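Protein chains: 2
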Amino acid sequence: MKLYTYWRSSAAYRVRIALNLKQIEAEMIPVHLVKDGGQQHTLAYATKNPSHLVPTLELEDGTVLTQSLAIIDYLEALNPAPALLPTDPVLRAKVLAAAHVIAMDIHPVNNLRVTNHLGDMFGADADAKKEWMCYWMEKGFEALEQLVQKDTKFAFGDAPTLADICLVPQYYNARRWGLDLSPYPRLTEIEKTCLALPAFANAAPEAQFDAE
Amino acid sequence: MKLYTYWRSSAAYRVRIALNLKQIEAEMIPVHLVKDGGQQHTLAYATKNPSHLVPTLELEDGTVLTQSLAIIDYLEALNPAPALLPTDPVLRAKVLAAAHVIAMDIHPVNNLRVTNHLGDMFGADADAKKEWMCYWMEKGFEALEQLVQKDTKFAFGDAPTLADICLVPQYYNARRWGLDLSPYPRLTEIEKTCLALPAFANAAPEAQFDAE
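Chain order of the listed sequences is A and B. Positions in the first sequence are counted from 1; adding 3 to them yields the working numbering. Positions in the second sequence are counted from 1; adding 3 to them yields the working numbering.
Here chain A stands alone, though its shape is the one from the complex:
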């Protein structure tokens, strides 16, 4: 299979972690989100992904899957071990909710196309965009610090789940934009535990062959 990816996209980063955890091989096809006015807007790519976003997973038979969390759901069905979601329905809903605090409440509002549009519509400069991004990360991390478990190795239990897979890329963004992470000691500890695993470290932006 092929993963259309961009080194700095945190949605693509999530899928790279999941592929590594499940030891599924995929060819990485870079889609540069900035160069050439954004390669995600080419007709060839937009035909696969009508949202003009990364990632996209293309299966051997040409089937195309979009949306990072939907792709990870597919990978979970393909290779159920190691499981990225618990079987207990309540715990599973709690892991999903923690993942969604990142994937719904923070990431979409801070997406490149959204901050670009802030520039187009309101003349937001680099400082205003950074302030905007940090505002939503603070709100989300504050909630997430309370939603994760307290005495476990990872966000939920002693193995990585979808919550960790969403947290680590968002933390990467937070560091990139200079957010003060000291109010979130538990999240910071979880990030450290995750990045000690090769599945996470090898999925990091700087470890990608298209990194600049």
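Hints were generated in silico from the structure; no laboratory data involved. Warning: the hint list may mix true and false statements.
Repeated chains share a single entry, so a pair holds when one copy, or any two copies, can fit it.
[Stated by the list, open to error] With a cut-off of at most 20 Å between alpha-carbon atoms, the simulated DMTMM-like pairs for lysine to aspartate or glutamate come out as follows:
| no. | residue 1 | residue 2 |
| --- | --- | --- |
| 1 | K142 | D123 |
| 2 | K133 | D123 |
| 3 | K156 | D91 |
| 4 | K5 | E141 |
| 5 | K5 | E30 |
| 6 | K38 | D91 |
| 7 | K51 | E148 |
| 8 | K25 | E141 |
| 9 | K5 | E28 |
| 10 | K142 | D161 |
| 11 | K142 | E209 |
| 12 | K51 | E30 |
| 13 | K5 | E61 |
| 14 | K51 | E145 |
| 15 | K132 | E209 |
| 16 | K51 | E141 |
| 17 | K5 | E79 |
| 18 | K195 | E134 |
| 19 | K156 | D64 |
This structure is a prediction, so every number in the text was calculated from the model and none was measured.
Since chain A is already given, all that's left is putting chain B on it; use the hints.
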């Protein structure tokens, strides 16, 4: 169980549809998102939902679940029939992706707290907020029109799935803000089919006892 809800919240609307489809009874507890500076910010509510968002589901034993799609995942486990996601992994990922085009790419960027923050940070007035919301709905609906199936009764197949559950509340918002829906004939047809079902119609904002 209790659902903390607000009549106009499209995330709460999704959960109301899912409860109805699965014929699960829940007591509706209104949380007014505008009155009193937003009742979602009270300590009593924020203790249950640290994201200060609706909906929240509280189980009989006091367990609290947050995030609409995580709550629906729990309801799916509790009452598997009728299924809101197909069993085939590829089709399941496609339904999830369509749901996430709404729940990740449109709804979070148009959330009340985001448009409020546009006002605070950039002085966006009512017209600018409307323009912002319509911009993201257009982008999302354009993609979604291509992602749903063509000759089925609902978005995928002949029974409602999570994709329909996400579409209908977003279409409610689109109509509220006067978006031209003529470029999306397939989505418009799906909305009509859904709203003919009591499970959808009874979950609509105007049918709620806290509607104004």
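Worksheet entry | Intra- versus inter-subunit Cα pairing at 20 Å for K156 with D64 | neither (39 Å within a copy, 27 Å between copies)
Item to complete: Have a look at K142 and E209 and pick one of within, between, both or neither, based on CA distance no larger than 20 Å.
Response: neither (27 Å within a copy, 30 Å between copies)
Worksheet item: From the Cα coordinates, with 20 Å as the cut-off, is the pair K5 and E141 best called within, between, both, or neither?
Response: Neither. Shortest intra-copy (34 Å) and inter-copy (29 Å) distances fail the 20 Å Cα cut-off.
Practice prompt. Could you place K133 and D123 in one of the four classes (within, between, both, neither) given a Cα distance threshold of 20 Å?
Written response: both (15 Å within a copy, 15 Å between copies)
Discussion item. Treating 20 Å as the Cα threshold, decide for K51 and E30: within, between, both or neither.
Written reply: Intra 16 Å, inter 43 Å, cutoff 20 Å: intra-copy only.
Fill in: Identical-chain pair category, K5 with E30, by Cα at 20 Å
within (5 Å within a copy, 46 Å between copies)
Discussion item. Please sort K195 with E134 into within, between, both or neither, judging by C-alpha distance up to 20 Å.
Written reply: Answer is neither: 25 Å inside a copy and 41 Å across each miss the 20 Å cutoff.
Worksheet item: Between K132 and E209, at a C-alpha cutoff of 20 Å, which is it: within one copy, between copies, both, or neither?
Response: neither (23 Å within a copy, 37 Å between copies)
Practice prompt. First find the shortest C-alpha distance between K142 and D123 inside one copy, then the shortest across copies, and answer within, between, both or neither for a cut-off of 20 Å.
Written response: Cα proximity of K142 and D123: across copies only (16 Å, versus 25 Å in one copy).
Worksheet item: Should K51 paired with E148 be assigned to within, between, both, or neither, using CA atoms and 20 Å as the limit?
Response: Between. Shortest inter-copy distance 14 Å satisfies the 20 Å Cα cut-off; intra-copy 36 Å does not.
Worksheet entry | Alpha-carbon proximity context of K156 and D91, limit 20 Å | Only inside one copy: K156 and D91 sit 19 Å apart there, 33 Å across copies, limit 20 Å.
Practice prompt. Have a look at K142 and D161 and pick one of within, between, both or neither, based on CA distance no larger than 20 Å.
Written response: Neither: 26 Å inside a copy, 40 Å across copies.
Violation of the numbered hints given earlier is confined to hints 4, 6, 8, 10, 11, 15, 18 and 19; the remaining hints are satisfied by the structure.
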